[in-house]
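2 protein chains.
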Amino acid sequence: MTHDRQQPAIILVRPQLGENIGKAARAMLNFGLTEMRLVAPRDGWPNPAAGPAAAGADIILDAAKVYDTVEEAVADCNHVYAATVRDRDMPKPVVTPREMAAQMHAQIKDGAKSAILFGPERSGLTNDDVVLADTVLTVPVNPEFGSLNLAQAVVLAAYEFHTFADQTPAYQSAHEDPLASKDELLGLMEHMERELEKKGYFRSEGRRNPLRRTLRNLVQNAAFSRQEVHTMRGIIKSLARPARDDA
Amino acid sequence: MTHDRQQPAIILVRPQLGENIGKAARAMLNFGLTEMRLVAPRDGWPNPAAGPAAAGADIILDAAKVYDTVEEAVADCNHVYAATVRDRDMPKPVVTPREMAAQMHAQIKDGAKSAILFGPERSGLTNDDVVLADTVLTVPVNPEFGSLNLAQAVVLAAYEFHTFADQTPAYQSAHEDPLASKDELLGLMEHMERELEKKGYFRSEGRRNPLRRTLRNLVQNAAFSRQEVHTMRGIIKSLARPARDDA
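Protein chains in written order, with our numbering: chain A, 146 to 392; chain B, 146 to 392.
Read the hints as simulated data drawn from the structure, not as lab findings. A few of these clues could be false.
Because identical chains cannot be distinguished in the list, a pair is counted as satisfied if it fits within a single copy or across any two copies.
Stated by the list, open to error - Below, in silico cross-link-like pairs of lysine to aspartate or glutamate (EDC-like), each with a Cα-Cα straight-line distance of 20 Å or less:
hint : residue 1 : residue 2
1    : Lys237    : Glu216
2    : Lys254    : Glu244
3    : Lys327    : Glu373
4    : Lys237    : Glu373
5    : Lys254    : Asp311
6    : Lys344    : Glu266
7    : Lys237    : Asp322
8    : Lys344    : Asp203
9    : Lys254    : Asp221
10   : Lys237    : Asp279
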């Protein structure tokens with residue numbers, strides 16, 4: 146818990162239900178955020194309902210710091226974001242979670258401390274809370290149904306912060322075992338064509354070339370592994386031989 | 146609810162708690178997804194615990210279709226994603242939610258129907274469920290704490306699908322009222338410098354130019370609106386005059 150300047154603090158302002166504080170902790174830890182601050186939690190702190198909802202993220206609850214006011218909670222921060230749903234018509238920039246994540250990573254590089262304010266479940270942040278922020282964070286939602294709960298708002302912010310720096314490739318191909326070489330694919334195609342030839346699949350000379358192209362594209366597109374080429378050749382061999390009853 | 150081919154179906158496989166079905170519906174509607182399918186919900190369907198948790202997204206619950214098997218639930222789909230946490234070591238591509246969103250929008254353009262399978266709360270999808278999918282969806286999480294709950298996994302998938310096509314600018318500047326022109330800014334700078342000059346702020350000729358550059362950068366960086374320049378000039382005027390007691 147010593148990496149406080151490497152990540153934003155998640156500040157829950159006057160949270161109502163201990164269960165939601167626990168869920169927010171769980172949401173945070175899923176994406177590697179560990180610094181929670183609580184401003185005047187309605188039911189005091191610690192709250193026995195928080196632990197079970199944290200589902201193992203108790204370490205965050207145990208380390209949470211409690212403040213009386215938002216001013217005190219943000220005192221050591223350099224950049225503060227206020228999560229709001231409604232347009233507050235305040236002279237502050239408004240960013241998406243993705244843009245916020247990009248800004249925060251730049252702030253961290255500069256050695257600056259960031260924080261995000263999340264308001265109480267029922268009412269959200271007041272205008273007096275939002276005034277203390279540099280920037281408004283608004284998740285673009287369905288304009289006809291904007292009803293993100295507290296933990297969902299936290300999970301989206303934490304997810305974007307994590308994803309910005311995450312190295313997971315967007316797409317990982319299907320195979321642990323190596324893809325077949327073109328030579329192995331050609332062997333499969335020729336094997337298939339040979340057996341089909343014997344069964345009269347191509348019927349006429351005129352149909353042979355177009356059909357062969359269709360088959361070869363099908364085999365190419367399947368992107369078989371070496372192992373799968375082997376399996377396919379077994380299947381062809383099996384299909385080509387007389388049925389057991391015929392033997 | 147007729148736009149079924151314009152969005153993925155969210156398929157909850159053997160969900161356990163009605164409350165979580167409701168929360169998933171709420172997560173979906175926040176991001177404009179409306180087509181929910183349920184495979185063998187543990188406690189039957191409808192489930193009285195689902196409605197309250199949906200927090201207004203009842204329209205999705207009312208329209209949810211129930212199936213006995215995953216096979217039946219995906220029968221009309223062309224591309225199926227299976228949300229899993231663990232690496233299944235299955236010969237299937239693995240994508241992030243963001244990549245899935247990009248693929249799905251391309252699939253929709255092609256007139257194809259997509260779906261995402263989410264497993265039961267406790268155990269997740271079985272390998273037999275995953276076999277029915279084309280692609281594995283895995284949210285990159287904290288490797289030391291991967292514990293997304295069902296509704297949070299749904300919200301991330303729905304969020305990425307929505308965000309891909311969303312037109313909200315990542316950054317919206319602070320001002321509804323127009324930014325000041327350079328001419329207005331220069332007026333402010335000169336006004337400030339004039340009043341500071343009278344009070345001896347610059348002290349020596351050698352300090353004047355560096356100090357003036359500092360002040361002018363400060364005013365530039367503040368990115369004042371026309372209205373704020375007006376306010377600033379009022380402040381300077383007020384500060385510059387003698388205190389009331391001196392008058």
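Each hint, compared with the structure:
no.	hint	verdict
1	Lys237 <-> Glu216	within (18 Å within a copy, 50 Å between copies)
2	Lys254 <-> Glu244	within (16 Å within a copy, 27 Å between copies)
3	Lys327 <-> Glu373	within (13 Å within a copy, 68 Å between copies)
4	Lys237 <-> Glu373	between (57 Å within a copy, 13 Å between copies)
5	Lys254 <-> Asp311	within (16 Å within a copy, 29 Å between copies)
6	Lys344 <-> Glu266	neither (70 Å within a copy, 51 Å between copies)
7	Lys237 <-> Asp322	between (53 Å within a copy, 12 Å between copies)
8	Lys344 <-> Asp203	neither (67 Å within a copy, 58 Å between copies)
9	Lys254 <-> Asp221	within (17 Å within a copy, 49 Å between copies)
10	Lys237 <-> Asp279	within (7 Å within a copy, 44 Å between copies)
Comparing the model with each numbered hint stated earlier shows that hints 6, 8 do not hold.
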